[in-house]
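What follows is the residue order along each chain.
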Amino acid sequence: MNLMGMILGMALVTYIPRLMPVLILDRLALPDWVKRWLTNIPYAAMGALIFPGILTVDSERPWIGLIGGMVAAGIAYFRLHIIYGIAGSIATVILIKGMLNP
Amino acid sequence: MFRIMNPSPSTKDFLKGFTAAIPIALGYIPLSVAFGIIARQSGIPLSHALLMSILVYAGASQFMAVNMVLMGSGAMEIIIATLVLNLRHFVLGMAMMNSFTKASKLWKAGLSFGITDETFAVIALKKEAELSQSFVSGLLATAYGTWIIGTWIGGLFAGMIPAGIGQGMAIALYAMFIGLLVPALKNSLRVCVIAAVSMAISAIWEHFLPGKGAIIMATILGSLLGAIIFKKEPNVT
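Chains X and L, in that order, give the protein sequences. Under the numbering used here, the first residue of the first sequence is numbered 161, with each subsequent residue one higher. Under the numbering used here, the first residue of the second sequence is numbered 1096, with each subsequent residue one higher.
Interface residues of chain X toward chain L, partial, derived using beta-carbon atoms under 7 Å:
| id | residue |
| --- | --- |
| 1 | GLY165 |
| 2 | MET166 |
| 3 | ILE167 |
| 4 | MET170 |
| 5 | LEU179 |
| 6 | VAL182 |
| 7 | TRP193 |
| 8 | TRP197 |
| 9 | GLY207 |
| 10 | GLY228 |
Pair ranges (Cβ atoms, derived):
| id | chain 1 | residue 1 | chain 2 | residue 2 | range |
| --- | --- | --- | --- | --- | --- |
| 11 | X | PHE238 | L | GLY1169 | 47 to 57 Å |
| 12 | L | PHE1325 | X | MET164 | 44 to 54 Å |
| 13 | X | LEU183 | L | ALA1236 | 17 to 27 Å |
| 14 | L | LEU1220 | X | ASP192 | 17 to 27 Å |
| 15 | X | ALA251 | L | ILE1323 | 33 to 43 Å |
Simulated from the structure, these hints should not be mistaken for laboratory data. Ideal Cβ placement from N, Cα and C applies to all residues, glycine included.
Start from the sequences and build out the full structure, keeping to the hints where you can.
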């Protein structure tokens, strides 16, 4: 199989959807409901990315991902910097797995 | 939502962008290293794995492609699957470009290459005053550079990473998304509803149609529903 051709093809089909809004958005006057919709996209995207994906952190034990997520959520809720949330959840997951697989 | 201030280049802002990209970089390191390792172990030369990260720069589709190569799929099939998986960048780009009105088309064309779930998430939640061109450039360049370097490292040391650490770091990217979403949830019922609806749609869609665009459907429908239900919320600029 032509690996190089595949990579170039992938690059093209990935860049075009990224580029299109730059080319076409100038010509569009967006109605209010569309603007609200676009404004909402980040929150919907993040929700969709977090769940159910987080359950796959450990494919056999989805609750591990859930607990890691709750740790991250708790740290974020108490306004600690995002780095602590990431570190805390990583530590939690490693800890749990360490206790389960001695 | 994002207005570009200070069009003149600023090293200070570029460095701020670099700093803002650190959470993304931390999430990208395990992913790109993992990609480098898996690609090499699937028989893909380091040069080609690197090219994928440099030219495609879309993690999910890169992993998917390697998977399909292992299964013996043809190049065309992989390219089409990549297109479908990465269509969501169009939706993200529409949201971003909505307000980058003052920047040049050339700069925006370059910026658009750097759109990923993660860079979008960080930019989308920044206040407009912080989003100068230099800042955004610093942010995107750092994320992109990390992705490439991680791929390179993973490819170089393909056999040597201990399994324990890798397992722990799978949570890193989710932790980052959570860290970005939770503060937004605190003050807004609208955001809570949108996120909840989106999660529900994503889970249900993925359950019945696994691997068939659950994320993009959930993103579009969740945000649309939010726009229909919450009409009086002031426009977040």
